[in-house]
Every structure is written in C-alpha cells, then in structure tokens.
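Colleague: Take a look at the letters that make up each chain.
Number of protein chains: 2
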Amino acid sequence: MPRPPKARLRVLDAAERIVKARGAANLTYDELVQESGVSRGGITYHFPTKDDLLRALIARDLEQGKRQEARQHAGLSDEPGAELIALIRTWGTPDSDRKRFVAGMLSAVAHDPSLLDPVRCHHQAECAMRTWDDAEIQRSVLRLAAEGLFWSEFFGCSEVPAEQRERVLLRMEQLAREWSRPV
Amino acid sequence: MPRPPKARLRVLDAAERIVKARGAANLTYDELVQESGVSRGGITYHFPTKDDLLRALIARDLEQGKRQEARQHAGLSDEPGAELIALIRTWGTPDSDRKRFVAGMLSAVAHDPSLLDPVRCHHQAECAMRTWDDAEIQRSVLRLAAEGLFWSEFFGCSEVPAEQRERVLLRMEQLAREWSRPV
DNA sequence: ATTTCCATACAGAACGTTTTGTACAGAAAT
DNA sequence: ATTTCTGTACAAAACGTTCTGTATGGAAAT
Numbered sequence: 001m002p003r004p005p006k007a008r009l010r011v012l013d014a015a016e017r018i019v020k021a022r023g024a025a026n027l028t029y030d031e032l033v034q035e036s037g038v039s040r041g042g043i044t045y046h047f048p049t050k051d052d053l054l055r056a057l058i059a060r061d062l063e064q065g066k067r068q069e070a071r072q073h074a075g076l077s078d079e080p081g082a083e084l085i086a087l088i089r090t091w092g093t094p095d096s097d098r099k100r101f102v103a104g105m106l107s108a109v110a111h112d113p114s115l116l117d118p119v120r121c122h123h124q125a126e127c128a129m130r131t132w133d134d135a136e137i138q139r140s141v142l143r144l145a146a147e148g149l150f151w152s153e154f155f156g157c158s159e160v161p162a163e164q165r166e167r168v169l170l171r172m173e174q175l176a177r178e179w180s181r182p183v
Numbered sequence: 001m002p003r004p005p006k007a008r009l010r011v012l013d014a015a016e017r018i019v020k021a022r023g024a025a026n027l028t029y030d031e032l033v034q035e036s037g038v039s040r041g042g043i044t045y046h047f048p049t050k051d052d053l054l055r056a057l058i059a060r061d062l063e064q065g066k067r068q069e070a071r072q073h074a075g076l077s078d079e080p081g082a083e084l085i086a087l088i089r090t091w092g093t094p095d096s097d098r099k100r101f102v103a104g105m106l107s108a109v110a111h112d113p114s115l116l117d118p119v120r121c122h123h124q125a126e127c128a129m130r131t132w133d134d135a136e137i138q139r140s141v142l143r144l145a146a147e148g149l150f151w152s153e154f155f156g157c158s159e160v161p162a163e164q165r166e167r168v169l170l171r172m173e174q175l176a177r178e179w180s181r182p183v
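Line order of the protein sequences matches chains A and B. In case it helps, the working numbering puts the first sequence at residues 1 to 183. In case it helps, the working numbering puts the second sequence at residues 1 to 183.
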C-alpha cells in the first residue's frame, strides 16, 4: 500500500491560493514550486500536465461545494423558500472564498470550456429534479438574478449601486418567500 | 490632416472576428496577420501593445453599443417597462453578435479588469440617473436575472433547461410590465 | 518647378522572454 | 522493493515586442 501522498494536497492547496489571489492565468510551475514547497518533479509526478491540475482543482471544488450544500441543506429552516434564500445569500455575500475561486478560474475556463464538463453534469442533474410548474419558473428568475448579481459585481459593472445592494437582496428574499408559499 | 488609415480598421475588424469566434485568449499576432492581411509591423504601428488593441476593441464596442441603444430607445413603444423588456430580450436572444463579443473578451477581462474601466464609467452614469424607489428595486432584480441568464448559458451551467427557457423569459417580461405599471 | 526633407504608414524579420512538458538520477520513506 | 518525491536540466514552442527597412505623400525650400 502506497503511503498517502502529502505533496499532492500541498500542491492543490497552493494552487487554490494562487488562483484565488491572482487568477489561473498567473498559475505557473515556478510560482507553484515556491508556494507549495513541493519540487517541480513532485508536482509533475502527481499532475503530469497543467490541464490535469486544473481539472483536479475544479473536481475538488465541486466536491466540497456539494458537501457544503448538503451540510447547509441539513441546517435549513422549514420556512418556504429557505433553500432559495440560502442560494441568494450565497451569491449575495460580498467576499466569499468560493466566489474568489470561481472568479480566479475564469481565465482558465474561458480558454478551455471543457473544464466545466463535470460541473455541467452535476448542475443538469440538479435541474432535472425540479418540477417546472409556474412557481418554479418564477423562482428560477430569482436564481438567475442571484447569479447575475455575482457576475455584475465581479465585473464592476453592477446594475445595482452599492448603497442599494442590500435593498435589492432583501426584496429578492421576500420574493423568494412569496413565490415559495404553498397554495 | 492625416489620411484615413485603412489598416487600422482592418485590424480591428479582424480582431473582433477572432474574438467572437475563438475568444481573446486565442487572439495572437500570427492569427491577426493572417486574418487581417496587415503585417506585424502595421499592426504594431497602430497598436503599440496588445493592451492598446484590446482597449480599442472595447472602446469601439462601447460606442456602437451606445448608438444601438439610442436607436433602440427611439423605436420603443410607450408600453410601461418597454426599455426593460428590450434589455431582457437582448440578453435573452440565443445567439447575438454582441453577446459573442462580450463572451469572447472574457479571458482578457479576467486577466486585466481595468480594461472595463470605460464600460464602468458609462454604466455608473446610467445607474445614477435612475430614481431608486421600490419599483426600481424590483426592476433591477429583472435586470440582474437577464444578465444572469446570459452568463449561466455561456458557461453551459444554466439554471434553466432549454425547454423551459422561453417560459422563464415570458414570465420575466410579464413581471417587467407589472412592475412598471404607473400607480 | 524641381528638389529636399520629413512624417506617416506599413512590411518583415529577429529577438528575448516565459512557460510547458519531459527526462533522469537518486534520496527518502514505507 | 516499491512508491513517493527531490533537484536539475533541457528541448520546444508560443508569444509580445523591438528593430530595420521601404514606400508614399505632401510641405518647405530653392
């Protein structure tokens, strides 16, 4: 039995730090050696190509995203629309680790969209589970708005000025409750 | 008076084509030479650095975006929320040139966010003109949703399956009318 | 009117940097 | 003995920028 590879984890963690701080475009082997403390050879041993490293990064993020989702799901209140409100709050949080990671991976994803294939798979499975009645259609407008808020703020071209941000979020949460009320 | 430079336009047009087709990440001088028919020297004469070229591309897109906006504004119906509905339809159009350009510039913008400074300027001026009453807060939810739809579809991680897309758009337009009705 | 001069507009090659992938010899741990 | 990793070195390519050369059109000088 091979011993558990420590270096692999150190490399992944270092890569994630670099991506969050300076974006995947500036993720080079030299930086990675310095940040992780793992030698060039060690990095290549675990991740033969850079593509492998990026895919491993995304896979890990997807996994821990699913775990967090499950944990969050368990602690949700019974209030109608609680799940949707949690989503809104997630994207509405000004400065989360998750958002920094997504933003950092942007250049890599723009260069090679197939990196997102695993994410797409997980996402579609989730969407297919929903029953698309009129109420769900309405709720998906809020889902889209939450995602739109994230990107609009990321690009700094927000539709919403900073001082109105909170009002918009509150209104979205209120709508989420209204549109999730059982008939 | 300097004579009109032809090459500059050819370079810009070619760059825009490349960005739309394969993204700014694949916008290299070699490709640009081949696509524009202008030599490397000619390109660097008009655009000393690649940064200059990208900024010129964005500036031109912003200008013609403003023109199209003005043209569209003139032809809008008097129906309440007509402007907002036009915005929704713009981002909701499955395959527009404008959207391809924005998407193509993604990698460049991710690498250097300051590229968007002119866009930000124009955008903020527009937002500041709005009166942020409760109705406007609601409408901005729809603005965010329109943008969210675009990015969610671009990444292929859409919150909305293709067969429900139209229903969501219709509901958004309906909400735009409701929330724009004069009291 | 001819010549001189100079800025503009491009062509084309060359250069230097950066980065990735690969190889390999061996140490260290299990 | 096998897996895990270090350390170094190098090939190969990609890419942005710089450099030198050339053509042209018009202003200025004569």
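Be a bit skeptical, because a hint or two may be false.
Where chains are identical, the list cannot tell them apart; a pair therefore holds if satisfied intra-copy or between any two copies.
Said to hold, decoys possible - DSS-like cross-link-like pairs, simulated, lysine-lysine; straight-line CA separation at most 30 angstroms:
#1 K99 to K20
#2 K99 to K50
#3 K99 to K6
#4 K50 to K20
#5 K6 to K50
Everything labelled a hint here was simulated from the structure, so no lab data went into it. These numbers come from a predicted model, not from an experiment.
Colleague: Check each numbered hint against the structure and report the violated ones by number, ascending.
Modeller: none
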